[in-house]
Structures are given as structure tokens and as C-alpha cells.
Amino acid sequence: MADCRLKSWRRHNRRAAFWLLGAFAASQLVLAVVVDQGSLEIRDPEYVLLQDKLRDREAEAPDNPVAVFLGSSRVAHGFDAARSRAESDATVFNFGIPGSGPYLQTVILDRLAQAGVRYDILVLEVLHTFYNATGPRSLDHSLLDGARLSAGEAAGLLHYGSPVRTGPLRRWFYARALPSNRHQAELRDALQIDVFRPGRGPTPPFEPIDPFGFRPLEIPTDKWEEFTALAHRQYDPYFARFRLDPAPWGRLLMAIDQARGAGADVVIVLMPEATGFRRLYTSDCRDGIAEMIRRLRDEVGVTVVDARDWVEDSGFYDHHHLLPPGAAAFADRFHSDALLPALERRAKSRN
Amino acid sequence: MLFCTGEYVLFLAAVVTLYWLTPWRRPRVWLLLVASFVFYASWNKWLALLVTATSVADYLIARGMDAVQRPRDRRGLLIASLVMNLGLLCYFKYTNFFLSSLYETLNALGASYTFHSLSIILPVGISFYTFEAINYTVDVYRGKMRAVRQLDYFLLFILFFPHLVAGPIVRAKDFLPQAARRKRWSWPRVGLGLGLLAVGAFKKLAIADRMGLFVDPVFAAPDQYSTVACWTAAIAFTLQVYCDFSGYSDMALGSAHLLGYKLVINFRMPFLSANISEFWRRWHISLSSWLRDYLFIPLGGSRHGFWRTQRNLLITMTLAGLWHGANWQFVVWGLLQGVLLAGHRIFQKLLEPLKGMREELATPLGTIVRIALTFASCVVSFVLFRAQSLRAGGDMLARMFIPADGLRTPLFMHAFWVSVGAVVIGHMFGRYLSASPFVWQRAWRNTPALVLGAAAAALIVLALVVRPGATRAFIYFQF
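Here the protein sequences come in this chain order: A and B.
For the first sequence, the working numbering assigns the number 1 to the initial residue and increments by one for each residue that follows.
For the second sequence, the working numbering assigns the number 1 to the initial residue and increments by one for each residue that follows.
Heads up, none of these hints are tricks.
Dumping the calculated DSS-like pairs for lysine-lysine here, alpha-carbon to alpha-carbon at most 30 Å:
1. Lys7(A) <-> Lys262(B)
2. Lys144(B) <-> Lys183(B)
3. Lys7(A) <-> Lys183(B)
4. Lys262(B) <-> Lys45(B)
5. Lys144(B) <-> Lys173(B)
6. Lys173(B) <-> Lys45(B)
Treat the hints as calculated values from the structure; they're not laboratory data.
Make a model of the complete structure from these sequences and hints.
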């Protein structure tokens, strides 16, 4: 009798332990499905925030032509889109996302198409470090956060060049295996936990972003040296040699095709850099990038704007990210030298 | 390696798996020793060597005590152990405190010295393992136990990773027999261990860390906040320190159960205490019982009259305050606890002839009032525990008791009330389960396994989701 009771007690506890593991695994599975298939707000709130702002700007002037600028942090912090709006009747929107490279750009274009967001001119940043195959790994490998991709969006990573795909795919896998850990902040926000009184809590992660997607950076001067050293540690190895990496190049061509498919014209931009970076180019690297630009112009037939020397060194804080005055200067020149001509070309072709 | 990080979960899973796959008893002990050393070395490998070295010294001293017969020799060996253990504790933990206090005193007397603090790394958990080593050598000296012959058992007693850095303070006579005992995989024990890990993670991540959001900004600048915000922060800190430390203790107990060891319970619903003496029997039990056995009773305890007892209480609790941290606010906090305990004894003495009043206080309403007063005294005294300095603590208390306008709490209050509700429900549930030794077993047995497992999983998921950002270190790690 006692033996039977002991066995039943053991069985009860064994079942409880397995139910714990099973229930935990099931909860993660359900959350993973919700995050992956159901809720873009949880999976990629930064994108949703920008898309909503873009929709709002379009709704304000539904007849205006729309120019959308996709790129990395260099664009997000370095292009004051509101200045172009003031100068013309076009809606210009900065869709820069820190860490965004060619892979994420194609994903964003897909999402915009699915959401029915219209754009007439697509301005694409080409940051040559994303396209350089000479390093041990590409920048997309290091910077692309796979967690923000759905399973369908991440599937493309399987064929995205072996040194590229492992990092983002690993991040995607961990995020889906344990969504309550990786997407914890987003889930917490969705549940409205820890609501800070306005202006009293920590700065929300994607603030401040202005209504046109621009993220002005105010970096204290005593931090500039530290950030400059960090930027050079991160990017200097890519300036020695240049071999075009076919995987990101393929994605760039795909993005151009997507934009053209949506009826938009494409402008490629090489964002401003300070002399601290510009003097690092070896002849091999310079020639390689020139060849890539030539192919874009001649073979792909897009306008390429090389703006690397457009802004004075004083406009940067770390030799490649622009401060607000630099972002304003770049936006002004970009407007007159690239955007207006593009808008005129488009108007002519329409006429 | 904090208990509530993925790193620790992987570490624990690997250790538990290897431990139960190892078929022999002694190699299991060695495996736990290696794991414990790795665990401690994840903070600092040199300090891990230091702990090991002092533990070996304590082992040899205790063996020496067993070997010699003359009381004088035994006393000499005990003094050697105490000097070594307390000397290291004083050096690592109190050198800067003593020196800065000395300089301040000299400057107050008219001298002009500038104090430059020495760069001494505080070994994690030194206050805990020092007390464990002392209880062993004192017990051997008193003849309450024989010195253990197996060095690996003794090292495991000190280094066992679930209790190494923040307790519970384990007694050698409780632990060493467990090290020697053959262990079998036990599903009830595994279930209990996993349950404790889930509850501990929830307390730490979902409540303690969240309360920190209410606490930190207010304690950083109390003069800017309103009286209500200061009271909120003080209550939040009381809940934070409880959930942080009891959460840690639950996870320590849970980890030990998974390895077939049982550690002492450290907290028993302390906020249901109806007086401060009861509070200290329910709060950090392993420390308060250690202080009782190795400090209060050797000082004379309550054997030499009313006022000598009061004196012993004040000394014991002041030293308990100093044990918590090398700061005057901890000393004053400890002294305040001593005053409260002494005051409670005086109150009890005054009540002796007042039978009607005693009966009134024993009614449900009277009990609720006493619980509320005890909680309030904890909230007020814990202000000194959290304050950056005595002056800051004084500012906070002044703000709490002199009504003032100012900033409100940085978060909206619903997170606070939900956390308060969770602690209240936890206490009521704990009270129900601990009504008799068999109640929790009956409740556990009668609850479907699915519900038990799902509830524990829900606690873990909730803890993971609602924790406020980066995990904070456990408060008691600094001690």
C-alpha cells in the first residue's frame, strides 16, 4: 500500500516536471508563431513606427510625389528629410534603420509593397562595406538582426552566401526558440507594463525620430573620440581591398527590380564620409568601388550619387555619422543635386 | 554568473546532467567541487583560489582540534581559525571603512588628512562563507561534531555553488552528512527544485527588479520627490529586498534539490510577522539563527537578567548591521533593529500585568494592527539599509514624515499595486501551505500534475516577459 502510494507520488512529480517543460516549450512555440506570423509590431516595431510615419506624411499630401530613402544609420542620422519637403512639393521620407544593409532593404521593400505604401522615387544607400567580400564576414552577417524577420523573410538567408547567413540566421533561431527572452521588451510594451510618466522614464528605444524619419543625434563632444575609435575598429579592415560580394550585390539588384516593379525610379547614394575614412581607401579598394558604381550606372541603368566628399569634417562626430548641422547640409545639397533632377526626370518621363 | 540568467540555466543543466550520469558517489562530489570552482571563478579565479585555500586551512585546523586533547591547544587552534577568517573578512570588507572613519575622526579633531581608498576587490560571498567556516570550527571546538576526515566533503560544504555567494548560511552538521550520503534520482525532489526555481525567478525578475524602478530614482534624490512618492519608494524597497533575497534563496534551494541536497529555508512569510522578534525569526533565518547561536548566546543570551539581555541584543544586531555592509548606515540600521527588538521586550514586560490589553492584541483585529505596525517599522528602518549615506537616509525619512510636495513616482502606480498584490497573495498562500507539515504535500498531491507544471511554466514565462530590461545583480551579492 505504502509502496503503491510512493510510486503514485513519484509519478505525480514526474508528470508535473514534464508538464512544466512541455508547457514552457508550448508557450514559447505559441509566442514564436504569434511573433513570427502574427505581429509585426512585436517582431519589428522600428519598421512599423517608420511605416506609420510614412503613411501619415503621405496622407497629409496625397498628390505629392513620394521619395523614400532607405539606408543604414548613416542615413537615419544623416539625412534631414524635412528640409527637402520645405524646398519642394515632394514628400521626402527618411526610412534609414541602423544596421540596415542590402538584405533588410529588400525585406523593407517587400513589406511596403504588401502594405500598399506608395513611393515614386527610391533612394538606396550603398555602403560599400556591406558589399566587400574581403573581410572574414560581411556586415550583414554582423549587423542584420534576424529576429526582426519572419520565417518567410529569413528563408532567403539560406541562400545568402555562407559567411553572411550564419549570424542573422542564428539570431533568428534564438529569437524564435525563446521569444519571451528576445522579444521581451516588445511584449512588455504590448502588455502596457512599466508605463513611465511622460518625460520621466528611460527614453523609448526608437526616439527621437522626427515625423520624416530623421533621427538627429546630439553626441557630447567628449564622446566623439571614443566613437571615432569604435567606428575605425569596425570599418577600417574594409578599406584595404575590395572584392564585390555576389550575395549582397544580388540583393541590391533585387531591390532595384522591386522598386522598378512598383513603378519607382531608383537613385543610388554613397553617403558622406569624413577625411578620416576617405584617406583610408587604397587604390585597390577605390578601383573596386568605382567598378561597382560603373556597373550600376552602365549595366543596371540607375543614377548614382557619390556624396562621400559632400560634407566638411566638422559635420561628423565619428568620421561617418553626421551631426544635425551636417545632416542639414547634406539634405540641402542632396535636394538640389540629386532629388530635384530625379523628380524632373520623372515628371518628363510621365509627360 | 547570476542565477536568473541563461548562462546559469545552461550551467545548472549541464551540472545536473553530468551529476546524475555519474554512477559513483565520490566522483559526484568531485564533479560538484569542479563546478563550484568554475562558478566562483566566473567572477574572479584568484579569489576562488583564496576561498579554496582558506577552506583547506580551516579543514586542517579542525582536524588538529580533533587530534589534540588539551583545551588550551584546542582554544589556540580555534583562535587561529577565527583570526584567519575574521581577519580576511575585515581586510577585504572593512579596511576602507575603518580607515575612512579614522581619517574622518582625525579631521574632526583638527588634523588635515586626505583619505585615498585602497583598491581592494571584495570577494563575492565572503560574509557568507566566512560564517559557514566559523560555525564548523566552533562546533568542532565545542565538541558538537567531529572534524570531517574527507577534505572533498568539507570543500564542498564551503564551495557548493547554490549557497556559495549569498547563502543560505549552511551549518556543517546539516550539510556534511548529506555529502556523504548516497543519492538517488528523486522525482519529488526534482519537482520541488523546479518549482522553487520558477518561484525564485518570478520573485527576482518580475517583482524585485520592477520595484527597483520605483526605488532608484527616489532614493537618488529624495528632496525632489513628494512625501507619497517617498513612502512608495520605501515600501517598494522593502518588497524589492525581500523578493530579491528570498528569490535568490528559493533558486539556491531549488538548484540544491536538483542535485539531491537540502539547504535551510531562509524566509517564512516575514511580512506576516506580528512583532519584530517574530520578524527576525522569519527573515534571513540562516543568518539570524547563526547570530543567535554564535554571538547572542556566547555573549550571555538572555540568561543574565533583563538588561543584560537588552545589551546583548543591541550588540548582536549592531554587528549584524555591520555584517551587511561596511557603512555607517548599515551599523545604524542594525542598531535600530536592536532597539526595536529591545523595545519589543520592554513592551512585552509592560503588558504582563495588563491581561485585557494582551487579549485585545490577540484578536484578529489586534493581530492585523500588530502586523501593520511591524511592517511599517520594517519599511522605515529599511530606508537606512538602502540609502547611499546616513545623511541621504535622514533626508529620505524627513521627506516621509514631513509632508511635502514634489515629483511623483516615475512610473504609473499600477505596476506597484500588482507587485504588492503578488507579494500579499504569495504570503497568504504560503501561510495556508505551512499551516501544518502535511498541508503543502496534500495540496501538491491533490493538484493535477498538469496544473502544477503549467503554473510553474507560467511563472517562468511571466518572469521573462515582465522583467524590466537588463537583469540586476542580487542585492545580497554585495554583502
